[in-house]
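Model the placement of chain S on the given structure of chain R, informed by the hints.
Protein chains: 2
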Amino acid sequence: MQKEKDVAIVGSGLVGSLLAIFLRKQGHKVTVFDRRPDVRKVQFSGRSINLAMSNRGWKALREAGVEEEIRGLALPLDKRAMHVEGQPVYFQKYGEEGEAIYSISRGVLNRKMIDLAENAGAKFKFEEKIWDVDMKEARLYTGESEKSVWKEYKFDLIFGADGAFSRVRHKMQRQSRFNYSQHFIDVGYKELTILANEDGSHRLDNSSFHIWPRGNFMLIAMPNLDGTFTCTLFMPFEGEVSFESIKTEQDADAFFENYFPDIKDEISNLKKDFFKNPTSAMVTIKCFPWSYYDKITLVGDSAHAIVPFYGQGMNAGFEDISVLNDKMNKYGDDWEQIFEEYQTERKPNADAIAELSYRNFVEMSSKTADPMFLLRKKIEKKFAQEHPELWTPLYSRVTFSDKAYADALKIGDYQRGIMDQVMEIPHIEEKWDSEEVEKEIIKLIKK
Amino acid sequence: MQKEKDVAIVGSGLVGSLLAIFLRKQGHKVTVFDRRPDVRKVQFSGRSINLAMSNRGWKALREAGVEEEIRGLALPLDKRAMHVEGQPVYFQKYGEEGEAIYSISRGVLNRKMIDLAENAGAKFKFEEKIWDVDMKEARLYTGESEKSVWKEYKFDLIFGADGAFSRVRHKMQRQSRFNYSQHFIDVGYKELTILANEDGSHRLDNSSFHIWPRGNFMLIAMPNLDGTFTCTLFMPFEGEVSFESIKTEQDADAFFENYFPDIKDEISNLKKDFFKNPTSAMVTIKCFPWSYYDKITLVGDSAHAIVPFYGQGMNAGFEDISVLNDKMNKYGDDWEQIFEEYQTERKPNADAIAELSYRNFVEMSSKTADPMFLLRKKIEKKFAQEHPELWTPLYSRVTFSDKAYADALKIGDYQRGIMDQVMEIPHIEEKWDSEEVEKEIIKLIKK
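Chains as they are written, first to last, in the UniProt record's numbering: chain R, 1 to 447; chain S, 1 to 447.
FYI, nobody ran anything at the bench for these hints, they're computed from the structure.
Note that the Cβ used here is the ideal one computed from N, Cα and C, for glycine as well.
A couple of the hints might just be wrong.
[Stated by the list, open to error] One side of the interface only, derived from the structure: several residues of chain S facing chain R at Cβ under 10 Å:
hint, residue
1, K25
2, D132
3, S148
4, S176
5, R177
6, F178
7, N179
8, S181
9, F184
10, Y293
[Unchecked claim] Non-contacting residues of chain S with respect to chain R, defined by C-beta distances greater than 12 Å in every case (computed):
hint, residue
11, R174
12, Y395
13, K431
Chain R with its partners taken away, still in its complex shape (with noise of 0.2 Å):
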């Protein structure tokens, strides 16, 4: 246990509230501060993706001596369903015999989170926005604006678990050196819903994760445990088939009736939800140095946003929890050490899911109908069945393994490379499950 310090953690979101526990167990004291109402007393706002908590969540949450109550509020899927059009759906394992990702509804867990941290001692002040940070003193300073009159709280520790459009990050940005980017992509997301059967139960496989891809859109769809799924529809905000381009009702119907077909049923309720939810922008936001010394750090979107398509947001936010823990528990009391060890192992882990998230948008989006691109995946899934030890697919070792990530995203590259060569073997079509291939596969790894 570590010298008692007055924490500030900026952010009552998934990552500050389990940071929250960690701190109460390591025996802080911890205010929790957000501009937003607290997230128990208010409405869904409809626009947030369903998440997939995977490996490295779930030891965070391990850690934290919580996953127990969380494993009760989220499905697992083992598998991707995928509606191709004009094929019937087909399925895909994730991975082995009980690996699985979970849904979860991202109002569910934070209001869950924000509980157990708050009986584990965290006091919360919701509706109280962070206006400027002193950074060399670790002051917050909140008001009803800009321009009010400012409440001045003075902490040992701020922790900015504020998101992507983080204040204490902003502050940071001012530092001369301080490295930065937001690079925001050509296609935003819409949240819709596809409703329960009358007797409650899903109205799709509720074991799978649902994809219909579409070229350069995507609609997704995960389970909840009331008999319902969140849809996330994927498109360009502009172009010929475009959140821009559908602004009538008709407009609408033509667009779920023409790509979706097999949910046609549901259209009515996704037209509705389609004009009345915001359509999102997503971006990947880099930043260094995350720390200040020993008085302030980064942790989850604010350090390292990144866009949805690995399902790796939330993990990689709690991931940064279970370092940073590491660290208190290796340096003690010596904060500057603790902070500057995290943001060095972090920072190139954070750059490596952030780069792995980019490629499968482009993946999902532009490669899923190519057959070469598909046939490249069954040469590489059947090897790695029969060849555990020789090759993990990098989808598992991201999603089904504590590895770090730059070493996926390394051994990833290294994967992609044997394959290129896999592929151009001549007639690669018809003999892909050969065993001249098996052995050409073996003969490259072993170069």
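The following block gives chain S in isolation, referenced to the frame of chain R:
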């Protein structure tokens, strides 16, 4: 001439002042805001690299009708003077006969540009800081401090010419889908001075750009009209030989004596500056979009700050204004179209000169001592001299032409590919000036 608009320019630097002249010529009412005092009434701050005006800069000044007024303030430099350790100084001509870059003091130029803009009828408001911008309504808010009572101004158009840390861009950055990056290099700079001889003459050749390349650091010197040289020491912030490592007068003595023996008479003066002047950071800033409908656009460093190693920062900013003026002439009062076409045309060029400037930093700091690199430059130069119709060196294309930076980058990459192959010719060191090599280059170009 356009319909008169009430225009605000934020920033009275070089680009802001030039824009004021152009806008006055187009018949607009122009108010220039600057948070700093009038540069004509204060001492310079000792932290500006001397500027190198080249073709693009002169072209814009010519179009503004002020070229001749500025020519008198500048000294032509037609060559580099290389002060390589342990070798006599040697000279490298920049271009062909009559081609030169022009050394000019930022302060001297800025004072003159403000005079010229004022004479043209622009109104300047110094020491008035912008705190907020209402983008939709083109309003500016100024005041003593962020929390003081603000003064509101309403304009038709606002131009952000407020430099790398632009307040106008800062406001635009809050929009969704605004891409932005700031990347600092690990090298800092410090301004030093070499004094004039007692008779007012220059101590070093005054038609040369002087460089002392020293591996991962370097000193440069550019002459001023008064017989002095403005020197800039570029050096890593941290590390073995670094700004951080020079702490005492003894450290500084040893540093200058060790690395710059040919200017050792100047050491006490250089040392004095070393501890007096600040160490500054260098940043590449990219963003997009630059414009907000028909209301706001960014020009110069606020849109595209670059590292100074190609001597193109001011030239690129002046070229922005030249292009803007072309669009005003083309589209009359359609400001949305003017801003749209301006940003679409300039963005790839700004990215290209950012890339070229960064590459020059890498090249100047690490390659100027590599004999194979120097040989490559020699081969290229000889070929360009003998076949000017087949080969314009990249440096000339950037510095002595007004062709697009993006094309210079592209053609430069193509030429580099050819030179890579030339350098692979066996025994190239011995036969670099042979007809065989010349013919090989021609063959590679025609391929």
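Each hint, compared with the structure:
| no. | hint | in the structure |
| --- | --- | --- |
| 1 | K25 | 36 Å, violated |
| 2 | D132 | 9 Å, holds |
| 3 | S148 | 9 Å, holds |
| 4 | S176 | 5 Å, holds |
| 5 | R177 | 5 Å, holds |
| 6 | F178 | 7 Å, holds |
| 7 | N179 | 5 Å, holds |
| 8 | S181 | 4 Å, holds |
| 9 | F184 | 5 Å, holds |
| 10 | Y293 | 16 Å, violated |
| 11 | R174 | 8 Å, violated |
| 12 | Y395 | 29 Å, holds |
| 13 | K431 | 37 Å, holds |
The structure fails to meet hints 1, 10, 11 from the earlier list, while all remaining hints are met.
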